[in-house]
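Peer 1: With my numbering, the residue at position 216 of the sequence shown is 216, and numbering never jumps.
It is possible that some hints are incorrect.
Stated by the list, open to error - Here are the computed distance ranges between Cβ atoms for each label pair:
| hint | residue 1 | residue 2 | range |
| --- | --- | --- | --- |
| 1 | E124 | I150 | 19 to 25 Å |
| 2 | G238 | A169 | 25 to 31 Å |
| 3 | E243 | K89 | 35 to 41 Å |
| 4 | Y195 | R231 | 15 to 21 Å |
| 5 | E124 | P104 | 17 to 23 Å |
| 6 | T259 | N181 | 38 to 44 Å |
| 7 | P260 | V31 | 21 to 27 Å |
| 8 | G148 | S119 | 39 to 45 Å |
| 9 | D228 | T143 | 27 to 33 Å |
Honestly, the hints are just simulated from the structure, not real lab data.
All C-beta atoms in this analysis are idealised placements derived from N, C-alpha and C, irrespective of residue type, glycine included.
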Amino acid sequence: MKKGKVKKIVKFLISILLVLIGVTAWFEVPVTEQISIDGDGKIDGPVRFALVTDLHSCYYGKNQSQLTSMLEKGNVDAVLLSGDIFDDKIDDDNTKALIEAIAPKYPCYYVTGNHEYWSKREKEMKAYLESQGVVVLEGDSSTIEIRGNIIDICGVDDPTYMTEEEWTAQLDGADAASDSNHYRILLSHRPERVYVYERYSFDLVVCGHAHGGQWRIPFTKMGVMAPDQGRFPKLVEGTYEMENGSVIVISRGLARESTPYPRFFNHPEIVMIEIDSTK
Numbered sequence: 001m002k003k004g005k006v007k008k009i010v011k012f013l014i015s016i017l018l019v020l021i022g023v024t025a026w027f028e029v030p031v032t033e034q035i036s037i038d039g040d041g042k043i044d045g046p047v048r049f050a051l052v053t054d055l056h057s058c059y060y061g062k063n064q065s066q067l068t069s070m071l072e073k074g075n076v077d078a079v080l081l082s083g084d085i086f087d088d089k090i091d092d093d094n095t096k097a098l099i100e101a102i103a104p105k106y107p108c109y110y111v112t113g114n115h116e117y118w119s120k121r122e123k124e125m126k127a128y129l130e131s132q133g134v135v136v137l138e139g140d141s142s143t144i145e146i147r148g149n150i151i152d153i154c155g156v157d158d159p160t161y162m163t164e165e166e167w168t169a170q171l172d173g174a175d176a177a178s179d180s181n182h183y184r185i186l187l188s189h190r191p192e193r194v195y196v197y198e199r200y201s202f203d204l205v206v207c208g209h210a211h212g213g214q215w216r217i218p219f220t221k222m223g224v225m226a227p228d229q230g231r232f233p234k235l236v237e238g239t240y241e242m243e244n245g246s247v248i249v250i251s252r253g254l255a256r257e258s259t260p261y262p263r264f265f266n267h268p269e270i271v272m273i274e275i276d277s278t279k
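Input sequences plus hints: build the corresponding full structure.
Peer 2: What follows is the structure, given as structure tokens:
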């Protein structure tokens, strides 16, 4: 093969490599997604929640400044931490930096994900969060008032090491501890358990876990692979209406360096959820 042709091939391959590096870097940039939900007559005037999931103690600038800036710009009333905020392999420093920045500013509510349980330190993690003023939910409910709107925020632990009966007992407890006349939000980590959430009447369920399918299929709400959903999962991002008429919102989460593969067409995200009966 002639040297000139070899050089052209090498230049072409280098160009392809640089494009792939650039695309990979671009899809590692976090974004804010905006979702509006009808409050079904239970919410008078907008309330705004930030859904933060699957941080896995990843790094987002000094003192997690990228994420704190996104929350400030979002003008949120409370933060919902729906599991895998910690990781079982990466140390806790980045998670603690975020919590210590946001817990003094916003009411924060947390449920476990599978990685907290895999770490075998879930009790230590919960104790730390409680020491920072975060409400840890484990089969119960907490009531918050936002500009006259009464909202019950319920939550269940991740079912990593639970039987189905043990986990549904937590759901039963959260359901019983809340008031169906209030707007009710359920924090849970796993979206694929939608068939269980449909047995209840929570107004909104928020989840993470699926990481957006890791490699998202462009112009769709489908990914290539997700935990506990396998190939081409459908419940990976955005809003879905359940058979009982309730809404489930799934975040693509914030996992970056904790994952073995880069994200393609799948920016890490914080989801801003605005609930208003006028929508």
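Peer 1: Give a verdict on every hint.
Peer 2: How the hints compare with the structure:
1. At about 33 Å, the CB distance of E124 to I150 disagrees with the hint of 19 to 25 Å.
2. Between G238 and A169 the C-beta distance comes to about 30 Å, which sits within the given range of 25 to 31 Å.
3. The hinted range of 35 to 41 Å is satisfied by E243 and K89, whose Cβ atoms lie roughly 37 Å apart.
4. Look at Y195 against R231: about 19 Å separates their beta carbons, and that is inside 15 to 21 Å.
5. Between E124 and P104 the Cβ separation comes to about 21 Å, which falls inside the hinted range of 17 to 23 Å.
6. The supplied range of 38 to 44 Å is met by T259 and N181, whose beta-carbon atoms lie about 42 Å from each other.
7. At about 22 Å, the CB distance of P260 to V31 agrees with the hint of 21 to 27 Å.
8. At about 40 Å, the beta-carbon gap between G148 and S119 stays in the expected band of 39 to 45 Å.
9. D228 and T143 have their C-beta atoms about 31 Å apart, which keeps the hinted 27 to 33 Å range intact.
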